[in-house]
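Using the sequences and the accompanying hints, generate a full structural model.
Next come the chains, spelled out residue by residue.
Number of protein chains: 2
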Amino acid sequence: MAKSAATPKHRAPPSGPVDPKVEALVNEIIGRVADKWTMLLLEALAEKGELRFTRLAEHVPGISQKMLTQTLRQMERDGLVVRTIHPVIPPKVEYRLTALGMSLGEAFCGVWIWAEDNLAAIEKARRAFDDRAAGLARPVARKAG
Amino acid sequence: MAKSAATPKHRAPPSGPVDPKVEALVNEIIGRVADKWTMLLLEALAEKGELRFTRLAEHVPGISQKMLTQTLRQMERDGLVVRTIHPVIPPKVEYRLTALGMSLGEAFCGVWIWAEDNLAAIEKARRAFDDRAAGLARPVARKAG
DNA sequence: ATTTATACTTACCAAAAAGAGAGTGTCACC
DNA sequence: GGTGACACTCTCTTTTTGGTAAGTATAAAT
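Chains A and B supply the protein sequences, listed in that same order. In terms of the working numbering, the first sequence has 35 at position 35, counting the first letter as 1, and numbering is strictly consecutive. In terms of the working numbering, the second sequence has 280 at position 135, counting the first letter as 1, and numbering is strictly consecutive.
Don't take every hint at face value.
Straight-line Cα separation of at most 20 Å, SDA-like style, residue types lysine to any residue; simulated pairs [as the list claims (entries may be wrong)]:
1. A:124 - B:241
2. B:181 - A:74
3. B:181 - A:92
4. B:181 - A:27
5. A:92 - A:82
6. A:48 - A:31
Some, not all, of what chain B presents toward chain A, calculated at C-beta under 8 Å [to be verified]:
7. 167
8. 172
9. 175
10. 184
11. 276
These are calculated hints, taken from the structure and not from any lab test. These numbers were taken from a predicted model, which means no experiment stands behind them. All C-beta atoms in this analysis are idealised placements derived from N, C-alpha and C, irrespective of residue type, glycine included.
So, in structure tokens, the structure goes:
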């Protein structure tokens, strides 16, 4: 994320005049990419470098074959990972991040850091909200009968 | 993930030793926050400063009342927006970002910029993938006689 | 001949998310 | 007394998503 967050020479921030069609596309991309499994796979691959199907599944506990395949395919389609098939028996397929995939990991770092930094603030806000909601709900709820 | 290069005073990057429970929570937060409507509302509020329900709905085309309320409530609960009720008739409720909300907007900027910068690369990768898929699917598909 | 390993694909089903649309409460206005 | 504005809430239906489990192909090992 060392890219443009630090350097002001890049294009205007989202608060400026953004092309609607670019905006829509960007939104779609972020929506796809900011997915639970995508992020976990991104992390696993960033950490381990190159992994095959079953190893990947082991590194991301709870993922089903379906989601693993599906997410990997999407990532491949978006150019985030490369899939290398070794024509041997039994099959061997290896996955690793492209430069694009790595740069996404870096971009997401900012959000990760934000989340880490503000974890306590968010939890505090949630508790406060929930307490307020509980406090407000009570006096309104008059017992029936 | 050399994000520390830009911000050396921060804690370790995700690729390092991350507390599993923090990681889970961070993931949950990102998952909630990296949502389509949340991002659009964040943008609208960042741009306009303070908006009421109906104005907000106008600034985010396609959002339903349900999603607007729901997303706004979540954002309020997470401490991203403040909701100010003016006790008048007809009702008037205004929403604006908190400091936390604004900082999230900034953090997301990195991803926005990444998406903008790499839009072409992603689309190119998608086209290439789709073409390859089409090319591979054809010769295998033998017509059932 | 059966089992094993790998990397999937497909079909089916349950759960969750999202959309549509009607209903609520209040007061000013006609 | 009816209508409209506002900010919702509630219910119903549809769509999307994700999990489970079985099937596929291949060759070596048993």
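Notebook entry, point to check: Hints broken by the structure, by number, lowest first?
Noted result: Structure breaks hints 3, 6, 11.
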